[in-house]
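Student: Please take these sequences and the hints and turn them into a complete structure.
So the sequences go chain by chain: A and B.
By this note's numbering, the letter at position 88 of the first sequence is numbered 88, and the numbering carries on one by one without gaps.
By this note's numbering, the letter at position 307 of the second sequence is numbered 307, and the numbering carries on one by one without gaps.
Do not rely on the hints blindly, as some may be mistaken.
Claimed, not checked - Which bits of chain A does chain B cover? Going by a derived footprint, with three or more residues having C-beta under 8 angstroms, they are:
#1 112-126
#2 232-239
#3 281-287
In short, the hints are calculated from the structure, not lab data.
Beta carbons are placed, not taken as given, at the ideal position from N, Cα and C, and that holds for glycine.
Listed below are the residues making up each chain.
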Amino acid sequence: MSVIYFIFQQTMYFMIPLMIVALGAMFSERSGIINIALEGIMTMGAFTGILFLNFTGKSMSGQLQLIIAILISMGTGMIFSLFHAYASINMKSNQVISGTALNMFAPAFAVFVARVIQGVQQVPFNNTFRITSVPVLGSIPFIGPLLFQNAYITTYVGILIFVLSAVVLYRTRFGLRLRACGEHPQAADSAGINVYRMQYAGVLISGALGGLGGLVFVVPTSTNFNADVAGYGFLALAVLIFGQWKPVNIMLCSLFFGLMKAVASSYSGIPFLSALGIPSYFYKMVPYIITLIVLVFTSRNSQAPKAEGIPYDKGQR
Amino acid sequence: MKPKQIKDHTGILSSIFAIILGLIVGLIILFLCNPEQALPGFATILSGAFTHGAKGIGQVFYYATPIILTGLSVGFAFKTGLFNIGTPGQFIIGGFGAVYVGILWTSLGPVHWIVALAASVILGALWGLVPGILKAYYNVNEVIASIMMNYIGMYLVNWITKSYKPLFNNLRNESKNVANTANIPKMGLDKIFPGSSVNGGIIIAILVVILIWVILNKTTFGYELKAVGFNRDASKYAGINEKKSIILSMVIAGAIAGLAGGLLFLAGTGKHIEIKDVLPSEGFTGISVALLGLNNPIGVLFSGIFIAYLTAGGFYLQLFEFSTEIIDIIVAVIIYFSAFALMVKIIMSKFVGQKNGKTDETGKGGTKS
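Tutor: Written as structure tokens, this is what we have:
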């Protein structure tokens, strides 16, 4: 039983950031802007957040410090994503090119600034944020060990974001308008919606969630930040497609991908998995291979937003 | 003829505009870090490659070899309407093919390096084939498929290299040395640029650039590829086998990127496949090279040399206690601004249009099919 708890807790560490970032990407793509820059946005968000943890490591600790770091990461992600929004909305750039540029910029910037500030590129931090057991809830049988032991506050933030995303996208006027802009911006415009503003909102939300996702990824799985989020931004895109741009599917899909990542990173400590003798590289490859297969089967009636990737031009019919 | 000239003109102008802005941002960042060292440091970026004479220039060509080819791969795919973001995967799998043959097939003698390069081309082509087929038959966006193929390729290469004893250097966690016969001959370049790492790879790269230029501009085949890129349905209507064209475009693009990997790992400069879960940067740099070179094979050749020149200059930047990542920052900013090319074109054509009394129709952006 404890093995199951262990795997599940590990899975949460990998799943929550994936889900947060993929939900962010969903908002951007639903507004019609492809955001391939998530990898870079995650890197920037993680960098500033971890830098804050590093600076305040002596004077602060615990949940308050983490919450401030979360806000900093989200802010950084939003600011960084503004560049993508400006290029793809105002300048009508090719969105993949702009995203690629930001992806190249972020790790270089993080390494450069880290070296300037402290000489080496790794930014270490003290992890004082793990909650061994949430009071009362942690002692519930079964559910307690699954969700409320060895957890991070970020797990609950992630779950909250998931619920909020689903509600906002399907139950609010904002969500309806956002989806309209991704499907048929001309029609949305003629109905009086400011398409540019909605697309800015979509990209900025993805920036905030991307930055947060970067921090959430690094904190439980590492003790320092090395200008790298291990391809999670791209994996989040895979989650988004596998999840067919829908919040609940995205959640389930990131759970599965998170499980694969957790197995890949810790299978040697789990008796029945190490007995199988399958190398960790196999588990690392599975999410990408499955995404390719899913792409083949879903592309005939893909749920992708129709106007995704096409710069909106008011004058065009 | 005249409108085309104007278009080419704005293309080059927007590249230059992007380069200047990129360099300015780089200078500003240097100033913010260390105002005293900023100007000498910046001068080093611009002139560093020349300070060591022939060796420095040879080094530029050495750095340029793989990125010219990855750039050509991206640029060629662009010309045929596809965004090949899969160069990192094609690059590493191609490099793996070259290293595999280079280590194991030692009985080949003088043709060893040619066979090893052929292996890199074939594996790279295979990695391009998959997104090509998915695009042609299932209409899967090639950007997403290529990204997936990148990670599959990287993990696969690491997996095989690490688990197959004859390939793996346990002590350094990387692939073993290839046999001497697998290294690309210097082709006399070591005499022109003594002391540098340049080798016959740059000559091969230039030949491939010329070959692709000829295919794109002088053959029916190249015309068909470009036609499909412009309008898939119209090409089909005109009798072009558009599925075959898309697949062949991706295969050729993959083969070029695979060759780039082969040329790097067979350069005889101590490059090995390192077992770390990071995509090779040469692949992504190819995107920059292609964009800066306006996707034109000849343009790619020059932009590849330009970025290699900056990289070589940046290498000497360490003398000023700046880290070499500033070059990556500058290149990223250049790419960001070169993405504005469409807007620059619109502004330019409006300007020109007002003069001529008519406006120019400009192309639509976006990679969606």
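Student: A separate judgement is required for each hint: does it hold in the structure or not?
Tutor: A quick look at each hint next to the structure:
| no. | hint | in the structure |
| --- | --- | --- |
| 1 | 112-126 | holds (count 4) |
| 2 | 232-239 | holds (count 4) |
| 3 | 281-287 | holds (count 4) |
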